[in-house]
Amino acid sequence: MKRLFLLIFPLAFFMATVASAQTRRSGTEAVMARGQIVYKSVCLACHMATGAGVPHLNPPLVNTTYVLGDKAALIKIVLNGFNEDVKINGQSYSNTMTPHPDLTDRQMADVLTYVRKSFGNKASAVTVAEVKKVRARNLRAGK
Numbered sequence: 009m010k011r012l013f014l015l016i017f018p019l020a021f022f023m024a025t026v027a028s029a030q031t032r033r034s035g036t037e038a039v040m041a042r043g044q045i046v047y048k049s050v051c052l053a054c055h056m057a058t059g060a061g062v063p064h065l066n067p068p069l070v071n072t073t074y075v076l077g078d079k080a081a082l083i084k085i086v087l088n089g090f091n092e093d094v095k096i097n098g099q100s101y102s103n104t105m106t107p108h109p110d111l112t113d114r115q116m117a118d119v120l121t122y123v124r125k126s127f128g129n130k131a132s133a134v135t136v137a138e139v140k141k142v143r144a145r146n147l148r149a150g151k
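Positions 9 to 151 (this note's numbering) are the ones given, in order, by the sequence shown.
Each hint should be verified, as a subset may be incorrect.
[Stated by the list, open to error] Restricting the straight-line Cα-Cα distance to at most 30 Å, the calculated cross-link-like pairs of lysine-lysine (DSS-like) are:
no.	residue 1	residue 2
1	Lys95	Lys130
2	Lys125	Lys95
3	Lys48	Lys141
4	Lys130	Lys84
5	Lys141	Lys130
6	Lys48	Lys95
7	Lys48	Lys84
8	Lys48	Lys130
9	Lys140	Lys48
10	Lys130	Lys140
11	Lys84	Lys141
12	Lys95	Lys141
13	Lys125	Lys84
14	Lys125	Lys141
15	Lys140	Lys84
16	Lys140	Lys125
[Said to hold, decoys possible] Here are the computed distance ranges between Cβ atoms for each label pair:
no.	residue 1	residue 2	range
17	Arg114	Leu52	18 to 28 Å
18	Gly150	Thr58	35 to 45 Å
19	Ser102	Gly35	33 to 43 Å
20	Glu37	Thr58	19 to 29 Å
FYI, nobody ran anything at the bench for these hints, they're computed from the structure. In this text, a Cβ means the ideal position worked out from N, Cα and C, and glycines have one as well.
Work out the full structure, taking the sequences as your base and the hints as a guide.
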């Protein structure tokens with residue numbers, strides 16, 4: 009009986025570890041899939057399927073400090089829109105970005121994670137808690 013326990017316990021531990029890794033992987037895959045859905049319905053028309061944007065109008069989402077940098081600043085851009093001329097990699101972009109406060113915290117976290125991890129970008133995920141925090145600050149500031 010003791011020998012059977014010694015064989016079963018390591019096997020059970022191994023299976024639990026594998027299942028946990030699969031859950032984490034599928035959690036990231038789920039975020040990316042949901043983010044892609046939001047991207048296609050909200051962002052694609054301006055930023056294109058490749059994230060390259062439209063020259064002189066809509067900025068690229070590929071390897072830019074706006075996307076890869078401060079997450080709170082990126083969340084604010086999505087919440088409040090963006091109405092400034094901006095230079096990225098020597099090119100000027102001038103189209104106004106529509107605010108998207110209508111996106112839920114989950115949708116915003118998912119789409120920003122998708123953008124930060126797609127198009128060759130390799131940045132950390134945006135969490136729902138981070139979006140909630142920025143949205144709450146925005147509301148307190150009257151935006």
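Can you name, in rising order, the numbers of the hints this structure does not satisfy? none
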